[in-house]
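> Sequence:
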Amino acid sequence: MRTKDLFWSQKTAKWGFRWVEWLVSPKLFGPKKFQFAYVALAALLGVLGCSADAAAATTTIWPSTAVPAVVDAGKDIPIELGLSFKSDVSGTVTGVRFYKSSANTGTHVGNLWSGTGTLLASATFTSETASGWQQVNFSSPVTITANTVYVVSYHCNGGHYSVNGAAFAKSGFDSAPLHALANSSGTPDGPFTYGASSQFPKSTYNASNYWVDVVFNPNSGSSVAPSAQL
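Positions in the sequence shown are counted from 1; adding 252 to them yields my numbering.
One should not assume that every hint holds.
As the list claims (entries may be wrong) - Label pairs and their computed distance ranges (CB to CB):
#	residue 1	residue 2	range
1	S391	S366	12 to 20 angstroms
2	T397	D328	34 to 42 angstroms
3	A421	T378	33 to 41 angstroms
4	T317	N389	19 to 27 angstroms
5	S423	N389	25 to 33 angstroms
6	I329	G417	15 to 23 angstroms
Stated by the list, open to error - Calculated lysine-lysine pairs in the PhoX-like style (CA-CA distance at most 20 angstroms, straight line):
#	residue 1	residue 2
7	K338	K454
8	K454	K422
9	K454	K327
10	K422	K338
Since the hints were derived computationally from the structure, they do not count as laboratory data. Since this is a predicted model, take the numbers as computed values, not measurements. We put the CB at the ideal spot given by N, CA and C, even for glycine.
Can you build the whole structure from these sequences, using the hints too?
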(Lines of atoms letter the chains of each structure in order from A; the text may use other names.)
(Lines give C-alpha, C1' and ligand atoms only; values in the text may rest on other atoms or scores of the structure.)
Protein backbone atom coordinates (compact mmCIF):
# COMPACT_ATOMS: atom_id res chain seq x y z
CA MET A 253 0.00 0.00 0.00
CA ARG A 254 1.32 3.43 -0.89
CA THR A 255 2.10 5.92 1.91
CA LYS A 256 -0.37 8.48 0.61
CA ASP A 257 -3.06 5.78 0.58
CA LEU A 258 -2.39 5.09 4.26
CA PHE A 259 -2.59 8.79 5.09
CA TRP A 260 -5.89 9.03 3.21
CA SER A 261 -7.23 5.97 5.02
CA GLN A 262 -6.23 7.36 8.41
CA LYS A 263 -7.90 10.69 7.66
CA THR A 264 -11.05 8.89 6.53
CA ALA A 265 -11.03 6.71 9.64
CA LYS A 266 -10.57 9.76 11.87
CA TRP A 267 -13.51 11.49 10.20
CA GLY A 268 -15.64 8.36 10.63
CA PHE A 269 -14.80 7.97 14.29
CA ARG A 270 -15.69 11.58 15.02
CA TRP A 271 -19.21 10.67 13.96
CA VAL A 272 -19.11 7.51 16.06
CA GLU A 273 -17.92 9.46 19.10
CA TRP A 274 -20.71 11.95 18.59
CA LEU A 275 -23.41 9.30 18.18
CA VAL A 276 -22.28 6.73 20.76
CA SER A 277 -21.80 7.35 24.45
CA PRO A 278 -18.10 7.36 25.47
CA LYS A 279 -19.07 5.08 28.35
CA LEU A 280 -19.46 2.19 25.89
CA PHE A 281 -15.88 2.43 24.60
CA GLY A 282 -12.65 3.06 26.45
CA PRO A 283 -9.79 5.01 24.84
CA LYS A 284 -7.84 1.83 24.05
CA LYS A 285 -10.82 0.25 22.33
CA PHE A 286 -11.33 3.35 20.22
CA GLN A 287 -7.64 3.40 19.28
CA PHE A 288 -7.72 -0.25 18.25
CA ALA A 289 -10.87 0.22 16.17
CA TYR A 290 -9.38 3.36 14.60
CA VAL A 291 -6.29 1.47 13.38
CA ALA A 292 -8.38 -1.48 12.18
CA LEU A 293 -10.69 0.75 10.15
CA ALA A 294 -7.75 2.64 8.64
CA ALA A 295 -6.16 -0.67 7.57
CA LEU A 296 -9.44 -1.89 6.06
CA LEU A 297 -9.88 1.31 4.09
CA GLY A 298 -6.30 1.00 2.86
CA VAL A 299 -6.91 -2.54 1.59
CA LEU A 300 -10.09 -1.43 -0.16
CA GLY A 301 -8.19 1.44 -1.75
CA CYS A 302 -5.48 -0.89 -3.01
CA SER A 303 -8.13 -3.25 -4.42
CA ALA A 304 -9.74 -0.37 -6.29
CA ASP A 305 -6.35 0.65 -7.71
CA ALA A 306 -5.73 -2.92 -8.91
CA ALA A 307 -9.13 -3.13 -10.60
CA ALA A 308 -8.48 0.16 -12.39
CA ALA A 309 -5.10 -1.04 -13.68
CA THR A 310 -6.48 -3.15 -16.53
CA THR A 311 -5.38 -1.89 -19.92
CA THR A 312 -6.05 -2.65 -23.59
CA ILE A 313 -4.36 -2.02 -26.92
CA TRP A 314 -7.20 -0.17 -28.63
CA PRO A 315 -9.00 2.70 -26.88
CA SER A 316 -12.77 2.47 -26.50
CA THR A 317 -13.07 5.43 -28.88
CA ALA A 318 -11.37 3.57 -31.76
CA VAL A 319 -13.56 2.87 -34.80
CA PRO A 320 -12.53 0.61 -37.74
CA ALA A 321 -12.08 2.02 -41.23
CA VAL A 322 -14.40 -0.71 -42.55
CA VAL A 323 -16.94 -1.68 -39.91
CA ASP A 324 -18.69 -4.43 -41.94
CA ALA A 325 -16.63 -6.72 -44.16
CA GLY A 326 -16.16 -10.39 -44.97
CA LYS A 327 -18.24 -13.27 -46.26
CA ASP A 328 -21.20 -14.87 -44.47
CA ILE A 329 -19.15 -17.80 -43.21
CA PRO A 330 -17.64 -18.75 -39.80
CA ILE A 331 -14.16 -17.41 -39.12
CA GLU A 332 -11.62 -16.97 -36.31
CA LEU A 333 -9.95 -13.54 -36.26
CA GLY A 334 -6.93 -12.69 -34.15
CA LEU A 335 -4.20 -10.33 -33.02
CA SER A 336 -0.57 -11.15 -32.13
CA PHE A 337 0.70 -9.16 -29.16
CA LYS A 338 3.23 -9.05 -26.35
CA SER A 339 3.68 -7.11 -23.13
CA ASP A 340 6.69 -5.34 -21.64
CA VAL A 341 5.72 -6.65 -18.20
CA SER A 342 4.27 -9.87 -16.82
CA GLY A 343 0.67 -9.90 -15.64
CA THR A 344 -2.68 -11.53 -16.29
CA VAL A 345 -5.02 -11.53 -19.25
CA THR A 346 -8.55 -11.21 -17.94
CA GLY A 347 -10.56 -11.13 -21.16
CA VAL A 348 -11.05 -10.41 -24.86
CA ARG A 349 -12.58 -7.50 -26.78
CA PHE A 350 -13.64 -7.09 -30.40
CA TYR A 351 -15.38 -4.47 -32.49
CA LYS A 352 -18.76 -5.65 -33.76
CA SER A 353 -20.71 -4.54 -36.80
CA SER A 354 -24.50 -4.69 -36.60
CA ALA A 355 -24.45 -7.51 -39.18
CA ASN A 356 -21.96 -9.59 -37.14
CA THR A 357 -24.65 -11.62 -35.40
CA GLY A 358 -24.70 -15.04 -33.75
CA THR A 359 -22.48 -16.55 -31.08
CA HIS A 360 -19.01 -15.11 -30.46
CA VAL A 361 -16.26 -16.91 -28.55
CA GLY A 362 -13.12 -15.18 -27.26
CA ASN A 363 -9.82 -17.08 -26.99
CA LEU A 364 -6.26 -16.63 -25.74
CA TRP A 365 -3.48 -18.71 -27.30
CA SER A 366 0.23 -19.14 -26.85
CA GLY A 367 2.31 -17.97 -29.80
CA THR A 368 2.57 -21.58 -30.97
CA GLY A 369 -1.15 -22.34 -30.80
CA THR A 370 -1.86 -23.77 -27.35
CA LEU A 371 -5.30 -22.68 -26.15
CA LEU A 372 -4.90 -20.95 -22.77
CA ALA A 373 -8.44 -19.71 -22.13
CA SER A 374 -11.83 -19.43 -23.79
CA ALA A 375 -15.15 -17.70 -23.03
CA THR A 376 -18.44 -17.05 -24.81
CA PHE A 377 -19.60 -13.45 -25.15
CA THR A 378 -22.91 -12.60 -23.48
CA SER A 379 -25.08 -9.50 -23.14
CA GLU A 380 -23.70 -8.01 -26.36
CA THR A 381 -24.83 -4.70 -27.75
CA ALA A 382 -25.98 -4.38 -31.37
CA SER A 383 -22.62 -2.94 -32.45
CA GLY A 384 -19.39 -1.42 -31.15
CA TRP A 385 -16.86 -2.79 -28.68
CA GLN A 386 -17.78 -6.05 -26.92
CA GLN A 387 -15.94 -7.67 -24.01
CA VAL A 388 -15.95 -11.05 -22.29
CA ASN A 389 -13.94 -11.98 -19.19
CA PHE A 390 -12.39 -15.38 -18.60
CA SER A 391 -13.57 -17.38 -15.59
CA SER A 392 -9.98 -17.26 -14.32
CA PRO A 393 -7.27 -14.74 -15.33
CA VAL A 394 -4.36 -16.20 -17.32
CA THR A 395 -0.79 -15.33 -16.34
CA ILE A 396 1.43 -14.24 -19.23
CA THR A 397 5.18 -13.63 -19.35
CA ALA A 398 6.82 -10.37 -20.38
CA ASN A 399 8.25 -10.08 -23.92
CA THR A 400 6.51 -13.26 -25.08
CA VAL A 401 4.21 -13.49 -28.11
CA TYR A 402 0.57 -14.46 -27.53
CA VAL A 403 -2.49 -14.42 -29.77
CA VAL A 404 -5.92 -13.17 -28.76
CA SER A 405 -8.84 -14.02 -31.04
CA TYR A 406 -12.59 -14.39 -31.39
CA HIS A 407 -14.76 -16.72 -33.45
CA CYS A 408 -17.90 -15.54 -35.23
CA ASN A 409 -20.48 -17.67 -37.04
CA GLY A 410 -21.57 -15.27 -39.74
CA GLY A 411 -18.63 -13.15 -40.85
CA HIS A 412 -19.24 -9.41 -41.24
CA TYR A 413 -16.16 -8.59 -39.17
CA SER A 414 -14.47 -5.17 -38.97
CA VAL A 415 -11.13 -4.48 -40.63
CA ASN A 416 -8.36 -2.00 -41.47
CA GLY A 417 -6.33 -3.30 -44.41
CA ALA A 418 -2.51 -3.20 -44.31
CA ALA A 419 -2.58 -1.88 -40.73
CA PHE A 420 0.36 -4.07 -39.66
CA ALA A 421 2.26 -4.07 -42.96
CA LYS A 422 5.02 -1.67 -41.90
CA SER A 423 4.68 -1.44 -38.14
CA GLY A 424 2.66 -2.60 -35.17
CA PHE A 425 0.83 -0.46 -32.65
CA ASP A 426 2.12 0.46 -29.20
CA SER A 427 -0.04 1.01 -26.14
CA ALA A 428 2.50 0.43 -23.38
CA PRO A 429 2.96 -2.00 -21.86
CA LEU A 430 1.08 -3.80 -24.67
CA HIS A 431 2.21 -4.02 -28.28
CA ALA A 432 0.36 -5.25 -31.36
CA LEU A 433 3.09 -6.69 -33.57
CA ALA A 434 4.02 -5.82 -37.13
CA ASN A 435 3.20 -8.57 -39.61
CA SER A 436 6.17 -10.80 -40.47
CA SER A 437 6.86 -14.41 -41.41
CA GLY A 438 8.02 -15.11 -37.86
CA THR A 439 5.12 -13.39 -36.09
CA PRO A 440 2.17 -12.97 -38.47
CA ASP A 441 -0.30 -10.34 -37.31
CA GLY A 442 -3.90 -10.07 -38.36
CA PRO A 443 -4.16 -13.90 -38.34
CA PHE A 444 -7.41 -15.64 -39.28
CA THR A 445 -8.72 -19.14 -39.98
CA TYR A 446 -12.03 -20.25 -41.52
CA GLY A 447 -13.91 -22.96 -39.63
CA ALA A 448 -17.17 -23.85 -37.90
CA SER A 449 -15.58 -23.66 -34.43
CA SER A 450 -12.66 -21.97 -32.71
CA GLN A 451 -9.15 -22.88 -33.83
CA PHE A 452 -5.76 -21.21 -33.78
CA PRO A 453 -5.68 -18.46 -36.45
CA LYS A 454 -2.53 -18.56 -38.58
CA SER A 455 -3.38 -17.35 -42.09
CA THR A 456 -2.92 -13.69 -43.00
CA TYR A 457 -4.08 -11.37 -45.75
CA ASN A 458 -2.83 -7.85 -46.41
CA ALA A 459 -1.48 -7.54 -42.82
CA SER A 460 -4.98 -6.56 -41.74
CA ASN A 461 -6.20 -5.43 -38.34
CA TYR A 462 -9.46 -7.23 -37.48
CA TRP A 463 -10.02 -5.17 -34.33
CA VAL A 464 -9.48 -7.83 -31.71
CA ASP A 465 -8.11 -6.75 -28.34
CA VAL A 466 -6.76 -8.12 -25.07
CA VAL A 467 -7.75 -7.03 -21.56
CA PHE A 468 -4.58 -7.03 -19.46
CA ASN A 469 -3.76 -6.45 -15.80
CA PRO A 470 -0.03 -5.76 -15.18
CA ASN A 471 1.54 -7.29 -12.09
CA SER A 472 1.43 -5.10 -8.99
CA GLY A 473 4.24 -2.56 -9.02
CA SER A 474 4.59 -2.53 -12.82
CA SER A 475 4.68 0.92 -14.38
CA VAL A 476 2.15 1.53 -17.16
CA ALA A 477 3.00 4.39 -19.50
CA PRO A 478 0.29 6.52 -21.17
CA SER A 479 -1.33 4.80 -24.17
CA ALA A 480 -0.52 5.80 -27.72
CA GLN A 481 -3.32 7.54 -29.58
CA LEU A 482 -4.85 6.52 -32.87
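> Which of the listed hints are not met by the structure?
No numbers; nothing is violated.
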